[in-house]
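Enquirer: Going down the list, the sequences are from chains A and B. First residue of the first sequence: 27, per this note's numbering; consecutive thereafter. First residue of the second sequence: 578, per this note's numbering; consecutive thereafter.
If you're looking for bench data, these hints aren't it; they were derived computationally from the structure. Some clues are possibly wrong.
Once the Cα atoms are required to be at most 30 Å apart in a straight line, the calculated DSBU-like pairs of lysine-lysine come out as [claimed, not checked]:
#	chain 1	residue 1	chain 2	residue 2
1	A	K457	A	K413
2	A	K257	B	K644
3	A	K295	B	K644
4	A	K382	A	K413
5	A	K378	A	K257
6	A	K284	B	K644
7	A	K376	B	K644
8	B	K644	A	K236
9	B	K644	A	K515
10	B	K644	A	K457
11	A	K539	A	K515
12	A	K379	A	K413
13	A	K254	B	K644
14	A	K358	A	K54
15	A	K436	A	K522
16	A	K358	A	K263
17	A	K376	A	K254
18	A	K79	A	K382
19	A	K284	A	K257
20	A	K118	A	K28
21	A	K379	B	K644
22	B	K644	A	K378
23	A	K54	A	K284
24	A	K28	A	K177
25	A	K177	A	K257
26	A	K382	A	K254
27	B	K644	A	K263
28	A	K118	A	K382
29	A	K522	A	K544
30	A	K79	A	K284
Pairwise CB distance ranges, derived in the manner of DEER restraints [claimed, not checked]:
#	chain 1	residue 1	chain 2	residue 2	range
31	A	E305	B	L678	35 to 43 Å
32	B	R667	A	P209	28 to 36 Å
33	A	N61	B	L678	33 to 41 Å
34	A	N388	B	F591	46 to 54 Å
35	A	I380	B	G589	38 to 46 Å
36	B	R667	A	K125	19 to 27 Å
37	A	K254	B	Y629	51 to 59 Å
38	A	D292	B	R667	15 to 23 Å
Beta carbons are placed, not taken as given, at the ideal position from N, Cα and C, and that holds for glycine.
For reference, the chains in residue letters:
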Amino acid sequence: MKRYDLVIVGAGPSGLSAAIEAAGYGMKTVVYDENSRPGGQLFKQIHKFFGSKEHHAKIRGFRIGEELLQEASAAGVEVQLESTVTGIYEDKEVTVQRKGHIEHVKGDTIIVATGASENMVPFGGWDLPGVIGAGAAQTMMNLHGVKPGEKVLMLGSGNVGLVVSFQLMQAGCEVVALVDAAPAIGGYGVHAAKLARCGVPFYMSHTITKAEGTDHVTGVVISQVNEKFQKIPGTEKHFDADTICVAVGLSPMSQLLKMSGCTMSDDPKRGGQVPETDEYGETSVSGVYAAGDVSGIEEASSAMIEGRISGTRAAYEMGFVSEEDEIKELTKLKNDLLSLRRGMFAPGNKGKKIEKTEEGINVSQNLLTKGYLSEAEIFRYPGICRKKGLHPVIECSQNIPCNPCQDACKFSCINVGKDITSLPVVNPLAKCSGCGMCVASCSGQAIFLVDEDYDETGASVTLPYEFFPLPRVGDQGYARNRAGEIVCKAEVISVKSSPAYDRTNLLTIRVPKDMAMKARFYADRAETKAETAGGAV
Amino acid sequence: MNEVNDRSRDIGPFIPGPDDDMIICRCEEITRGEIRRAVHDGMFTITEIRRYLRCGMGLCQGQTCAKLVKSIVAGESGAAPGTLEPATSRAPMRPVEMQILADEM
Chain A
27 MKRYDLVIVG AGPSGLSAAI EAAGYGMKTV VYDENSRPGG QLFKQIHKFF GSKEHHAKIR
87 GFRIGEELLQ EASAAGVEVQ LESTVTGIYE DKEVTVQRKG HIEHVKGDTI IVATGASENM
147 VPFGGWDLPG VIGAGAAQTM MNLHGVKPGE KVLMLGSGNV GLVVSFQLMQ AGCEVVALVD
207 AAPAIGGYGV HAAKLARCGV PFYMSHTITK AEGTDHVTGV VISQVNEKFQ KIPGTEKHFD
267 ADTICVAVGL SPMSQLLKMS GCTMSDDPKR GGQVPETDEY GETSVSGVYA AGDVSGIEEA
327 SSAMIEGRIS GTRAAYEMGF VSEEDEIKEL TKLKNDLLSL RRGMFAPGNK GKKIEKTEEG
387 INVSQNLLTK GYLSEAEIFR YPGICRKKGL HPVIECSQNI PCNPCQDACK FSCINVGKDI
447 TSLPVVNPLA KCSGCGMCVA SCSGQAIFLV DEDYDETGAS VTLPYEFFPL PRVGDQGYAR
507 NRAGEIVCKA EVISVKSSPA YDRTNLLTIR VPKDMAMKAR FYADRAETKA ETAGGAV
Chain B
578 MNEVNDRSRD IGPFIPGPDD DMIICRCEEI TRGEIRRAVH DGMFTITEIR RYLRCGMGLC
638 QGQTCAKLVK SIVAGESGAA PGTLEPATSR APMRPVEMQI LADEM
């Protein structure tokens, strides 16, 4: 039987991070993953991540995956793919299904980093082809280059639902509606705003009544729900759609931990069955750790730190690192994790209704129900200022741990401050060079450059643009407001792409002066999707 | 005796519902109505439901339906969902062909 100092199950963000730490301390480490490529969900994440510089902020998920793989291979980690761990037995014996047989392996320590699986919600026709998990849609689009459908209805307004909806549009699908039974949007407001300004309608307090179709989805009927989540008769709306994406949360895949004898608990806030662990992720079974989503659903950035914590702790327990070094490293990692677990979307705030930001500003209700900041609300936030000449307008209204915009500006125009969750403040006295780095660095695509004095009659608005085909200078089109409505004609006056922008293009449009604080997206045609969607049944 | 196992408790009669023919366990094609009826037949725990109906014992091993089955059983028997223990986790965690399972090394 092969022996390892450390056996890790799952080569996702937390498993790889744990492996890098442990192997770095000299542990003989193997990582098993049932998939044919490593990285877990990271390689599906084509959007820029939130966070600080240390947390890979503004780097796209798949690039973080590539970095982790390089680090792992440099550290001498053995990654075994298409290798399914089928059981964990007494004395840390592990069985792996690999190359057509079952191998027995023994680890002195085991880190289970198996991640999570998608939840489903049953409705009439939910077993029709065309009803898929949002993660499945992401796999099809971003790993295999397959468009999941033409017209998609998304159920679920958490970050997964919001991010995947945007990616579906990038892949050329039409997102006919975003539906959630909850009264308020669950994910980041900036993610919702990206969809709203493209014209995606939000139906909060709504749920799917049925999927239509005989052998595949041809349409969807949704209904409004009351506070008890019961459908209200007579509120049905129909949408033509060939795909229904379900993004209603994740469940930890914790069966291996249960089998290995760990004490488990049912914790709805962490996504379901999770092991009871100490602060290092060690379970009730000495030497068996849990890291990442399997021990509670969170973001990939937290999963990576959890992995590093468990990897370091395992190395210490096995005598590969001195107590002094261990304490130093773990203190740093724990602080990193704490900084990510702060702000409005912190795990501790799950299910809480937050009325005010840390700065004491009222939270936009419009953002929570319709997906965009209303024009009346926008001037409350410290990232919004009006002044002569070119300047950034930062439509960031929720406290999330993210601050790349601050470093993006070399002229100290943008300040988040020591507290990473603070709202960015625009300094009206600083000069804006128009370099656009802040626009491209904002993972939430919430920064615009506005010049209300572009010429006699017009203003210019520079916005982040991640769709193909790219508009060209001179194109005559239309501007959409934050709600996605066509508000005026717009001329494309500049299209900038640069390696420094990392595939975010900067599109500058010229609009009438009074539209400078309204125009937030560009459309080449005047149709608004909102007008055609949501017919009566 | 915990609440879940108290079989003397009156859970009322089985009342047919409009979505009883909706499939819940897709692998084994078990409907909501079958699960609800099984509770009235006296299956109060997830383990019993699994053995009685085979839901959650197909290709995906309950990855998709486990939470759904749990909420239906809880709703029907009146137990709090948190008190219903999930099914036992056993090897193999993923479906394995017999010839592979037999080929240990």
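Enquirer: All the hints need checking, so say for each whether the structure fits it.
Expert: Verification of the hints:
For the given pair, K457/A sits about 11 Å from K413/A by alpha-carbon distance, which is consistent with the 30 Å threshold. Between K257/A and K644/B, the direct Cα distance comes to roughly 21 Å. Compliance with the 30 Å bound is thereby established for this hinted pair. Using a Cα cut-off of 30 Å, the hinted pair K295/A and K644/B holds, with the two alpha carbons roughly 14 Å apart. The suggested pairing of K382/A with K413/A holds, with an alpha-carbon distance near 27 Å, which does not exceed 30 Å.
Note on K378/A and K257/A: the hinted pairing holds, with a Cα-Cα distance of about 23 Å set against a maximum of 30 Å. Taken as a hint, the K284/A and K644/B pair is honoured in the structure, with Cα atoms around 16 Å apart against an allowance of 30 Å. Distance hint between K376/A and K644/B is fulfilled; the C-alpha atoms sit about 20 Å from each other, no more than 30 Å. For the suggested pair K644/B and K236/A, the alpha carbons sit about 20 Å apart, so the restraint of at most 30 Å is met.
Pair hint K644/B plus K515/A does not hold up; C-alpha atoms about 50 Å apart against a cutoff of 30 Å. For the hint pairing K644/B with K457/A, the CA-to-CA distance comes to about 55 Å; that exceeds 30 Å, so the pair is violated. Distance restraint check for K539/A and K515/A: the Cα-Cα separation of roughly 12 Å lies within the 30 Å cut-off, and the hinted pair is therefore satisfied. For the proposed pair K379/A and K413/A, the alpha carbon gap of about 34 Å is over 30 Å, so the pair is violated.
For the hint pairing K254/A with K644/B, the CA-to-CA distance comes to about 20 Å; that is within 30 Å, so the pair holds. Restraint check for K358/A and K54/A: satisfied, since their Cα atoms lie roughly 24 Å apart, inside the 30 Å limit. This hinted pair checks out: K436/A and K522/A have alpha carbons roughly 19 Å apart, not beyond 30 Å. Between K358/A and K263/A, the direct Cα distance comes to roughly 52 Å. Violation of the 30 Å bound is thereby established for this hinted pair.
Of the pairs offered as hints, the one joining K376/A and K254/A holds, with about 19 Å between alpha carbons and a cut-off of 30 Å not exceeded. Proposed proximity of K79/A and K382/A is supported: the alpha carbons are some 27 Å apart, at most 30 Å. Restraint check: the Cα-Cα separation between K284/A and K257/A comes to about 37 Å, which exceeds 30 Å; the hinted pair is violated. Between K118/A and K28/A the alpha-carbon distance is near 12 Å, which keeps this suggested pair within the 30 Å criterion.
The suggested pairing of K379/A with K644/B holds, with an alpha-carbon distance near 26 Å, which does not exceed 30 Å. Taken as a hint, the K644/B and K378/A pair is honoured in the structure, with Cα atoms around 23 Å apart against an allowance of 30 Å. Distance hint between K54/A and K284/A is fulfilled; the C-alpha atoms sit about 25 Å from each other, no more than 30 Å. Taking the CA atoms of K28/A and K177/A, the gap is about 51 Å. The hint is violated against a cut of 30 Å.
The hinted pair formed by K177/A and K257/A meets the criterion: a straight-line CA distance of about 24 Å does not exceed 30 Å. Straight-line distance between C-alpha atoms of K382/A and K254/A comes to about 25 Å, which keeps the hinted pair within the 30 Å bound. Taking the CA atoms of K644/B and K263/A, the gap is near 28 Å; set against the 30 Å cutoff, the hint holds. This hinted pair does not check out: K118/A and K382/A have alpha carbons roughly 49 Å apart, beyond 30 Å.
For a cut-off of 30 Å, the pair hint linking K522/A to K544/A stands: about 22 Å separates their Cα positions. The hinted pair formed by K79/A and K284/A fails the criterion: a straight-line CA distance of about 36 Å is larger than 30 Å. In this structure the supplied range 35 to 43 Å holds for E305/A paired with L678/B, their Cβ-Cβ distance being about 38 Å. Between R667/B and P209/A, the C-beta spacing of about 41 Å breaks the proposed range 28 to 36 Å.
Separation of N61/A from L678/B is about 21 Å and departs from the stated range, judged on CB atoms against 33 to 41 Å. Distance hint for N388/A and F591/B: a CB-CB separation of about 50 Å, consistent with the stated range 46 to 54 Å. Hint check: I380/A to G589/B, Cβ distance near 40 Å, so the stated range 38 to 46 Å holds. The given range of 19 to 27 Å is respected by R667/B and K125/A, whose C-beta atoms sit roughly 23 Å from each other.
Judged by the Cβ atoms, the range 51 to 59 Å given for K254/A and Y629/B is violated: they are separated by roughly 31 Å. The hint said 15 to 23 Å for the Cβ distance between D292/A and R667/B, and at roughly 19 Å that hint holds.
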